[in-house]
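There are 2 protein chains.
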Amino acid sequence: MLIDVLEMDVFFNPKTVAIIGASEKPRFGGGTTFYLLNSKFKTYPININSDTILGHKAYKNIKDVPDEIDLAIIIIGNEYVLQSVKDCIEKGVKGIIIESAGFAETGIEKYAKIQNELVEVIKQSKIRVIGPNCVGVSNFSNQFTSSDMDFTTPKGYIAVIAQSGVLGNVFIDWANSQGIFFSKTATIGNKVDVDEVDLLDYLNEDPETTVITLYLEGTKRGRELKKVFGRMKKPVIILKNGRSEIGSRAVNSHTSSIAGNDRIYDALFKQYPNVFRVDNFYELFNIAHVFATQPLPKGKNIAIVTGSGSLGALACDEIEKQGLILANLTDETIGIIRSVIPNWVSIGGTIDLGPSMFQTFIPSIKAIFKDKNVDCVLFIFSVPRVPLQRMGANRLEGFRIHMKVLKQAADEFKKPCIIVAFGSRWIFDYVKDATEYSKSDLTIPIMTQINHAIKAFRFMNEYNKSFYNDKK
Amino acid sequence: MLIDVLEMDVFFNPKTVAIIGASEKPRFGGGTTFYLLNSKFKTYPININSDTILGHKAYKNIKDVPDEIDLAIIIIGNEYVLQSVKDCIEKGVKGIIIESAGFAETGIEKYAKIQNELVEVIKQSKIRVIGPNCVGVSNFSNQFTSSDMDFTTPKGYIAVIAQSGVLGNVFIDWANSQGIFFSKTATIGNKVDVDEVDLLDYLNEDPETTVITLYLEGTKRGRELKKVFGRMKKPVIILKNGRSEIGSRAVNSHTSSIAGNDRIYDALFKQYPNVFRVDNFYELFNIAHVFATQPLPKGKNIAIVTGSGSLGALACDEIEKQGLILANLTDETIGIIRSVIPNWVSIGGTIDLGPSMFQTFIPSIKAIFKDKNVDCVLFIFSVPRVPLQRMGANRLEGFRIHMKVLKQAADEFKKPCIIVAFGSRWIFDYVKDATEYSKSDLTIPIMTQINHAIKAFRFMNEYNKSFYNDKK
Numbered sequence: 001m002l003i004d005v006l007e008m009d010v011f012f013n014p015k016t017v018a019i020i021g022a023s024e025k026p027r028f029g030g031g032t033t034f035y036l037l038n039s040k041f042k043t044y045p046i047n048i049n050s051d052t053i054l055g056h057k058a059y060k061n062i063k064d065v066p067d068e069i070d071l072a073i074i075i076i077g078n079e080y081v082l083q084s085v086k087d088c089i090e091k092g093v094k095g096i097i098i099e100s101a102g103f104a105e106t107g108i109e110k111y112a113k114i115q116n117e118l119v120e121v122i123k124q125s126k127i128r129v130i131g132p133n134c135v136g137v138s139n140f141s142n143q144f145t146s147s148d149m150d151f152t153t154p155k156g157y158i159a160v161i162a163q164s165g166v167l168g169n170v171f172i173d174w175a176n177s178q179g180i181f182f183s184k185t186a187t188i189g190n191k192v193d194v195d196e197v198d199l200l201d202y203l204n205e206d207p208e209t210t211v212i213t214l215y216l217e218g219t220k221r222g223r224e225l226k227k228v229f230g231r232m233k234k235p236v237i238i239l240k241n242g243r244s245e246i247g248s249r250a251v252n253s254h255t256s257s258i259a260g261n262d263r264i265y266d267a268l269f270k271q272y273p274n275v276f277r278v279d280n281f282y283e284l285f286n287i288a289h290v291f292a293t294q295p296l297p298k299g300k301n302i303a304i305v306t307g308s309g310s311l312g313a314l315a316c317d318e319i320e321k322q323g324l325i326l327a328n329l330t331d332e333t334i335g336i337i338r339s340v341i342p343n344w345v346s347i348g349g350t351i352d353l354g355p356s357m358f359q360t361f362i363p364s365i366k367a368i369f370k371d372k373n374v375d376c377v378l379f380i381f382s383v384p385r386v387p388l389q390r391m392g393a394n395r396l397e398g399f400r401i402h403m404k405v406l407k408q409a410a411d412e413f414k415k416p417c418i419i420v421a422f423g424s425r426w427i428f429d430y431v432k433d434a435t436e437y438s439k440s441d442l443t444i445p446i447m448t449q450i451n452h453a454i455k456a457f458r459f460m461n462e463y464n465k466s467f468y469n470d471k472k
Numbered sequence: 001m002l003i004d005v006l007e008m009d010v011f012f013n014p015k016t017v018a019i020i021g022a023s024e025k026p027r028f029g030g031g032t033t034f035y036l037l038n039s040k041f042k043t044y045p046i047n048i049n050s051d052t053i054l055g056h057k058a059y060k061n062i063k064d065v066p067d068e069i070d071l072a073i074i075i076i077g078n079e080y081v082l083q084s085v086k087d088c089i090e091k092g093v094k095g096i097i098i099e100s101a102g103f104a105e106t107g108i109e110k111y112a113k114i115q116n117e118l119v120e121v122i123k124q125s126k127i128r129v130i131g132p133n134c135v136g137v138s139n140f141s142n143q144f145t146s147s148d149m150d151f152t153t154p155k156g157y158i159a160v161i162a163q164s165g166v167l168g169n170v171f172i173d174w175a176n177s178q179g180i181f182f183s184k185t186a187t188i189g190n191k192v193d194v195d196e197v198d199l200l201d202y203l204n205e206d207p208e209t210t211v212i213t214l215y216l217e218g219t220k221r222g223r224e225l226k227k228v229f230g231r232m233k234k235p236v237i238i239l240k241n242g243r244s245e246i247g248s249r250a251v252n253s254h255t256s257s258i259a260g261n262d263r264i265y266d267a268l269f270k271q272y273p274n275v276f277r278v279d280n281f282y283e284l285f286n287i288a289h290v291f292a293t294q295p296l297p298k299g300k301n302i303a304i305v306t307g308s309g310s311l312g313a314l315a316c317d318e319i320e321k322q323g324l325i326l327a328n329l330t331d332e333t334i335g336i337i338r339s340v341i342p343n344w345v346s347i348g349g350t351i352d353l354g355p356s357m358f359q360t361f362i363p364s365i366k367a368i369f370k371d372k373n374v375d376c377v378l379f380i381f382s383v384p385r386v387p388l389q390r391m392g393a394n395r396l397e398g399f400r401i402h403m404k405v406l407k408q409a410a411d412e413f414k415k416p417c418i419i420v421a422f423g424s425r426w427i428f429d430y431v432k433d434a435t436e437y438s439k440s441d442l443t444i445p446i447m448t449q450i451n452h453a454i455k456a457f458r459f460m461n462e463y464n465k466s467f468y469n470d471k472k
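Note that the protein sequences, when read in sequence, are chains A and B. According to this note's numbering, the residues represented by the first sequence are 1 to 472, in order. According to this note's numbering, the residues represented by the second sequence are 1 to 472, in order.
If we strip away everything but chain A, and leave its shape as in the complex, we get (with noise of 0.2 Å):
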């Protein structure tokens, strides 16, 4: 296992790197190329045709390259892969990404015949590889990608681990915008070699990865990926898709996975108190970003704060959904609040700050994370935005202050927080501009779906009562 771990770090920290394939068109592969030859990553582009690429000597194959390769990148049409592979094993290459599709996912049998050989190749050699069908790797320390990445945003502590190019770029670059950040990614396409289990063992005992997430269409290793969970030291929240019969068929021509029968995975995920199961992207990303940015509360009283009081409601019939309890305030929290709030406000069950959340969240909201009968505070924010534009820069500077003063209580008594803004992006923005999101990676999440806190708050509890505390 050991091995395996020192094995996988070659696909995000390489010294060396070949691009076969490489190409100046703007084609699949085309940024990859781009932005690891300007890199401080010593790159060799490898290409039939041409001499050069993007100014750099371009060599005909990866064994004329004068250099020893720890990557190999493979980008070229699926017929030439066997052969780029053999060539790369030749030359010691520690570590391919195929990424090239065209293989057993196509469901034509010479396509899947040509998927046997590789797995044979690569079994019968010390050489790793991840894919085919794939986008690869983004390490967000050190800034190595093969996935068409930029770096835009800082570092974070979520690492994912996806059957899915999606996950690659597209979900990562959703989730930056959402002030959710990650550590390292990993999409493993049709898993000739490198599988969720390789790289669950290798994220758990990366120092700079705290959650890992996990995209999964099936596994062809249920034994060692039941042993992988049991040592797992982190939580590990998991989409499958393949729920019904026909996903299955279409997991089956995606990554030629056998999804199996959903309920067997369902009653495996169940078996461990760190492992949760979720059911589509935006909540998988949101719910890690819990687990990587918020202290695990102590019960399952959960306070909601908000200015509306309908979606308070529908934050309580979320509640009880995921069995945990509207927090039933002290009578000196109730005093404090109702000292502070206009007589026609309503703090039955939701506190409801109504529109005068502005003259009254400071004393309330201080009152509420010190109450012994909370655990969890979530804020629903929503406002209309014609009498805020009327009221201008200034609204903002309050929200800012607001925002400092609920993060400076969530801090003081160490209990998770989630902010939910409701409506329109402005009104997301507005928050994210009001908390400085990007400036730190360890604040309150922002979400947009009520259920999605809620959610991240069950699941928090029950890795605190059943795993983390038995760990401590």
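Treat each hint with caution, since some may be false.
Pairs count within a copy or across copies, as identical chains cannot be separated in the list.
[To be verified] The calculated DSS-like cross-link candidates involving lysine-lysine, where the alpha carbons are at most 27 Å apart (straight line), are:
# : residue 1 : residue 2
1 : Lys321    : Lys220
2 : Lys42     : Lys25
3 : Lys321    : Lys270
4 : Lys42     : Lys321
These are calculated hints, taken from the structure and not from any lab test. Computed from a prediction, not measured in an experiment: that's the story for all the values here.
Got chain A sorted already, so can you dock chain B onto it with the hints?
Same frame as chain A, now just chain B:
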């Protein structure tokens, strides 16, 4: 019933308006005052302390206004509302919108008593009253509003009835940013008089409304609600909270509604084939948008066109969950697609055009819409940012042509189509731009969640099968 319908019209088409509590201060209702005093609607400000408001002569009492008043908007402190309503009745006002909060929803006896007195006073007069504890109405046709709204987007065909101020402006603003447009909105708060029954009847007759969305916390007129559902000629999409016990307590302290046993509501809604229940606000408007813009499907067969196998597989799971069918393309269609896509692209189940989509889209999409085994088309679009940026404006031009072809095919074969734009906000805006969304209100809906799209197809199917066909 007909009289009720005529009576409701004063709220949406008043000839003269009085704002009781009109103020120049940037507080609740300030936007409405500013908007109406600068609008084509003849508006009289009433303020006990000022002689002029925004340059308009102000009156101390509505009874002093030397003109007949159709509609009064009340935005004064809760303790002054009862007298103000009495003044309106004396003046012969036809309708009142009470926006002030602080009545039964506070749980405080003193304020609940004022609400009861309001009910009595109103009952003994001919006046009709919306509220209290609401933001009133907007009419996108004549641009009348009491809701702190502006009208920066075109009018649409969706009406809103809501026991929540958030739906009066915040969520309209969100929907507008998604390209979802409205005919009329009404928020009804604590419902001392006008309620969902009155407004359903009114909107049922409104030629500018084709779909009605209803956010309900609870009804006081169950029998009448059943009757009005029975006579509705349009689809009604409902979000009702208070599903849980704590949720229903929260509802009580929000608009003082009795949420009641949620299963009773669920059973009630299910009796009507044109009434559909959803789970959240985003879903409410996304699904209404599909009803408002798409032809009804002839069956349950959904074709999924995508550039991402994993998103396609997730959509399949959702299709099965909703009891629909993944379209089984004819050999002819598959032959056409196979002839244009690279050998390594996968079309088993979902139609995964892969990164090659831009070469294959036009011939494939026409064949798919034409296919007799296809009733609905879901196009899931997702693209990484970095390579797209490198390709620049040409790519958008190409995509624009593809979206035109999609729309033409949908129109030619009269089949409903939805686009899911997956990932960052810029991806959504990219699709919106390519479809020239804002220039037409009858186009293809774009949303960010696969499950909303599939659920919309299911509801339309049920509507067509059980309701629309019967009435034809």
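Tested hints:
1. Lys321 / Lys220: between (34 Å within a copy, 26 Å between copies)
2. Lys42 / Lys25: within (21 Å within a copy, 64 Å between copies)
3. Lys321 / Lys270: So Lys321 and Lys270 pass the 27 Å test inside a copy (18 Å) and across (21 Å) alike.
4. Lys42 / Lys321: So Lys42 and Lys321 fail the 27 Å test inside a copy (53 Å) and across (49 Å) alike.
Comparing the model with each earlier hint shows a violation of hint 4 alone; every other hint is respected.
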